[in-house]
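Take a look at the letters that make up each chain.
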Amino acid sequence: MVKKLEKVDAVIVGSGWTGGIAAAELTKAGYKVVILERGQDKKHEDFVGTKDELRYSKRYDLMQDLSKTTMTSRNSINKEAIPVRNNSNARLGNHTGGAGNHWNGMAFRWLPYDFEIYSKTVERYGKDKIPKESTMQDWGITYDELEPYYDQYEKTAGISGEENPIGPPRSDKYPNPPMKDTPTIKLFSKATKELGYHPYRIPSANMSQNYENPDGEKINGCVYCAFCEEYGCDFGAKADPIGTVLSTASKTGNLEIRNSANVNRVSHDGKKATGLVYTDITTGQEFEQPADIVVLAGFVFTNTQLLLTSKIGQPYNPKTGQGIIGKNFTGHFNNLSTYIGARGFFEEKKFNNFMGTGGLGASIDDFSGDNEDHTNLDYLHGYEVHYSQLGTRPIAHNEVPEGTPRWGKEFKKQSLKYFNRNLFITAQSGFLPNKETYMDLDPTYKDALGNPLLRVTVTYSQQDRNRAKAGVARCEEIMKQMGADSMNVTEVKDDIEFDHKFYTDHFFGGAIMGADPATSAVNTYSQMWDMDNLFVVGGSSFPHNSNYNPTVTIGAFAYRAAEGMLTYLKEGGNVAEKLLEKNA
Amino acid sequence: MEENRPPRTAKEAAQHQQDMSRRKFLKNSGVLAGGLVGGSLFGGLITNRFDKKDEKKVVNKKEHEAMSMEARQFFTRAHDFDVLSAATEQILPEDEHGPGAIKLGVPYYIDKQLAGRWGINGRDYRHSPYAVKLEDNDKSAGTAGEQSILDRGDLFLLGLRSLDDESQKRFSTAFDSATEDQQIELLTDFENDKVAMRGVQASEFFNLLLQSTLEGAYSDPQYGGNRNMEGWKMKEFPGAQASYAGYIEQDEFQKLEPVSLRDYQGH
Ligand SMILES: Cc1cc2nc3c(=O)[nH]c(=O)nc-3n(C[C@H](O)[C@H](O)[C@H](O)COP(=O)(O)OP(=O)(O)OC[C@H]3O[C@@H](n4cnc5c(N)ncnc54)[C@H](O)[C@@H]3O)c2cc1C
Ligand code: SF4
Chain A
1 MVKKLEKVDA
11 VIVGSGWTGG
21 IAAAELTKAG
31 YKVVILERGQ
41 DKKHEDFVGT
51 KDELRYSKRY
61 DLMQDLSKTT
71 MTSRNSINKE
81 AIPVRNNSNA
91 RLGNHTGGAG
101 NHWNGMAFRW
111 LPYDFEIYSK
121 TVERYGKDKI
131 PKESTMQDWG
141 ITYDELEPYY
151 DQYEKTAGIS
161 GEENPIGPPR
171 SDKYPNPPMK
181 DTPTIKLFSK
191 ATKELGYHPY
201 RIPSANMSQN
211 YENPDGEKIN
221 GCVYCAFCEE
231 YGCDFGAKAD
241 PIGTVLSTAS
251 KTGNLEIRNS
261 ANVNRVSHDG
271 KKATGLVYTD
281 ITTGQEFEQP
291 ADIVVLAGFV
301 FTNTQLLLTS
311 KIGQPYNPKT
321 GQGIIGKNFT
331 GHFNNLSTYI
341 GARGFFEEKK
351 FNNFMGTGGL
361 GASIDDFSGD
371 NEDHTNLDYL
381 HGYEVHYSQL
391 GTRPIAHNEV
401 PEGTPRWGKE
411 FKKQSLKYFN
421 RNLFITAQSG
431 FLPNKETYMD
441 LDPTYKDALG
451 NPLLRVTVTY
461 SQQDRNRAKA
471 GVARCEEIMK
481 QMGADSMNVT
491 EVKDDIEFDH
501 KFYTDHFFGG
511 AIMGADPATS
521 AVNTYSQMWD
531 MDNLFVVGGS
541 SFPHNSNYNP
551 TVTIGAFAYR
561 AAEGMLTYLK
571 EGGNVAEKLL
581 EKNA
Chain B
1 MEENRPPRTA
11 KEAAQHQQDM
21 SRRKFLKNSG
31 VLAGGLVGGS
41 LFGGLITNRF
51 DKKDEKKVVN
61 KKEHEAMSME
71 ARQFFTRAHD
81 FDVLSAATEQ
91 ILPEDEHGPG
101 AIKLGVPYYI
111 DKQLAGRWGI
121 NGRDYRHSPY
131 AVKLEDNDKS
141 AGTAGEQSIL
151 DRGDLFLLGL
161 RSLDDESQKR
171 FSTAFDSATE
181 DQQIELLTDF
191 ENDKVAMRGV
201 QASEFFNLLL
211 QSTLEGAYSD
221 PQYGGNRNME
231 GWKMKEFPGA
241 QASYAGYIEQ
251 DEFQKLEPVS
261 LRDYQGH
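In the order they appear, the protein sequences are chains A and B. If you count the first sequence from 1, position 553 lands on 553 in full-length UniProt numbering, and the numbers rise without skipping. If you count the second sequence from 1, position 195 lands on 195 in full-length UniProt numbering, and the numbers rise without skipping.
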């Protein structure tokens, strides 16, 4: 029996950045909010002394417990999907703070081109340039409209950065100066400058100094301890939801975070969402939490799965191209759009590779988005080449020059020699949506509570492979300029397919946004067209993937969604129309 | 104050230097007292490192033996453990750079890991159907190991016994008493799937063995491997250092004495 609880103003799935931002804005305005979070309660206290590579990087202590739920994966619509069984193939958020606890903190904005990708492509190259299989579309919003929300997120998270010489316009500078410059960053910057590119320091959510955000939350200066990615910060020096938005929301007295609460579906009457149904996984009891507005902020996979299992919206069908829920899945895939590049080995130099922080590094934007003329290129969108010094740890890093055996005497000798004598640069690239890359419900596999698993189908297109090759070639060119004595360069094979790794947490689509209900699930305030008191927030609303890490853009859209929620709570109706009239 | 006394050993000197740099950092940055910081900045690190008496002294031979007074938790047959030890030593042999897998405690590390949650794939999705045999044209469809019904403990036992059987077959001797060349030949054939195993490919077992050998060599010593932090010393990895704020901009390579989590947590 489902036990019905007392109604609140808003109920939210998930306590990551998106759920946290919604909670902060709603509670500050006086609304009562309940967050349902499947994972454990986490505080900064839990992160003290987390410098344990085995526990956090190899046993994935902070990440989704796949024994409870996972997704299935395949690389063509004709194949059977197999479950992603083990965390080495999936690193997703799981506790209070979500993936915001164990993110690196690379804090890029996306490009004006990204939001109007279809029109800008047609305008510059004509319709024929768009590949047949592509389902790319405009987002229904421009960069200029989103800019104030970018600014708001950057100030909340205290981003440390410097002006990008060829970056999009900003209404204000970064709230903090860039992180310290290291010898290896200098080496990358010098080499890219010599090649005529425009290096700039990666904006980071690791603080370059002590900072107090506009909500009064304090974040410490980073000490470059190098246990950032996959770890919670030991020093409260990395912006995370716990230390910022969730703390802000808690202080109002209007927030309740309910842990060990696994949401199974959205309850609704066909017109309005009435609440969320969840299982308390400590007792097995099922509850319904009614609310005036319902917010899905459980990341791409959960958001899509909940819409499908709750039968909200029309599921996407890859054969007919009809339907929208599950459409335009994209991401940064391990073997194609990130973690590929050039590793240089240096005979004469020894670097302090083991020092660093998650967002420390430099990048070039000369090939990002549409910054390069694509007239004579066999792909659209681009790649961002960066070097980052996030700190190498010894289990994961045993790099040896090509041709060295993987084990034994020679391996030992070379892996010890090169541990502090190699540098890696990577080309992180965009990935364009296509008809056969999407999500639906798996017909076979179920989670621990009996809900069908989400099935993800990823088909790489030739464009995406071409872009990856171009990116790798650029890394090679830069690494050579940096003076490496030898290099391991990633080979991108012509027939490379998706490797079923959901490792980067940079995933998008499923409930995409737009200006037209015929081609989108939500408006640009993340409000469902079909159900106006349901907001679906996060990467799930992005119609495609850019070449940058996503969280700043996710945060910006979460602030915009929160504005929509506040408008809805006051006035009801479709807030995109309302706010458009108001701003006109 | 005890923490003001001069450092007595090289390791203490290195740590002292690090503490000074941290202190300077804290002083310069005037860490925000209102921040949501746990104990590490204020309570833990600065003082505890030097409070503990004798904790830093070099581990002598006797102590080393005491550390090795470990018992098997997972492996019941001593012979399985001997095969494991020999196999890990081939992967990471002792040489002029330092100890190999056995001296680092890798076999005990693996034994402990298999006895715990990891050994039974406790965090993994374990619902059927299992796709043991994957289509040939879909090599990317995850590894059979991940899709196999065997848990890691099963896989280790099966793999070690296959290794031993194969050695008996080829060389009429147990794996752990085969010659170095013979052991290398066998492991290479497992790595390249030239030996048949039931339920999984031989390379699955090999890859698991390889991965866990490296884990045992380089994880924090609390897990039973990386004894005396010798793995980190060989690799010039300084462990769980509190801060690199004082070094991060410097060109010069910093050779620091490693710090374990035991040092770090100070208990
Ligand atoms: C190792 C790593 C490094 C990263 N580094 C960067 C980086 O440098 N820069 C960058 O921009 N991005 C980075 N990211 C990505 C970034 O972490 C995410 O974009 C961001 O955290 C997403 O926030 P979110 O709120 O949408 O989702 P999440 O943080 O995933 O929050 C979702 C929450 O919902 C909960 N939840 C899910 N399903 C349910 C359910 N059914 N019931 C109840 N609760 C549920 C989850 O437990 C989770 O807490 C990184 C990610 C990882 C894993
Ligand atoms: S490197 Fe900086 S931000 Fe990262 S965990 Fe250490 S102190 Fe925190």
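The hints are simulated quantities; they were obtained by calculation from the structure and are not laboratory data. Any given hint could turn out to be false.
With a straight-line Cα cutoff of 25 angstroms, these simulated DMTMM-like cross-link-like pairs (lysine to aspartate or glutamate) come out [stated by the list, open to error]:
1) A/413 <-> B/249
2) A/409 <-> B/252
3) A/190 <-> B/181
4) A/193 <-> B/151
5) A/180 <-> B/252
6) A/186 <-> B/180
7) A/68 <-> B/230
8) A/501 <-> B/230
9) A/193 <-> A/348
10) A/409 <-> B/185
11) A/7 <-> B/230
12) A/350 <-> B/176
13) A/349 <-> B/230
14) A/413 <-> B/151
15) A/413 <-> B/176
16) A/349 <-> B/249
17) A/349 <-> B/251
18) A/417 <-> B/96
19) A/32 <-> A/286
20) A/409 <-> B/176
21) A/417 <-> B/94
22) A/193 <-> B/96
23) A/409 <-> B/180
24) A/409 <-> B/151
25) A/417 <-> B/193
None of these values were measured; they are calculated from a predicted model.
These are the hints, each one checked on the structure:
no. : hint            : in the structure
1   : A/413 <-> B/249 : 28 angstroms, violated
2   : A/409 <-> B/252 : 29 angstroms, violated
3   : A/190 <-> B/181 : 48 angstroms, violated
4   : A/193 <-> B/151 : 51 angstroms, violated
5   : A/180 <-> B/252 : 16 angstroms, holds
6   : A/186 <-> B/180 : 46 angstroms, violated
7   : A/68 <-> B/230  : 38 angstroms, violated
8   : A/501 <-> B/230 : 33 angstroms, violated
9   : A/193 <-> A/348 : 23 angstroms, holds
10  : A/409 <-> B/185 : 14 angstroms, holds
11  : A/7 <-> B/230   : 59 angstroms, violated
12  : A/350 <-> B/176 : 38 angstroms, violated
13  : A/349 <-> B/230 : 24 angstroms, holds
14  : A/413 <-> B/151 : 33 angstroms, violated
15  : A/413 <-> B/176 : 23 angstroms, holds
16  : A/349 <-> B/249 : 15 angstroms, holds
17  : A/349 <-> B/251 : 10 angstroms, holds
18  : A/417 <-> B/96  : 13 angstroms, holds
19  : A/32 <-> A/286  : 22 angstroms, holds
20  : A/409 <-> B/176 : 18 angstroms, holds
21  : A/417 <-> B/94  : 15 angstroms, holds
22  : A/193 <-> B/96  : 42 angstroms, violated
23  : A/409 <-> B/180 : 11 angstroms, holds
24  : A/409 <-> B/151 : 30 angstroms, violated
25  : A/417 <-> B/193 : 30 angstroms, violated
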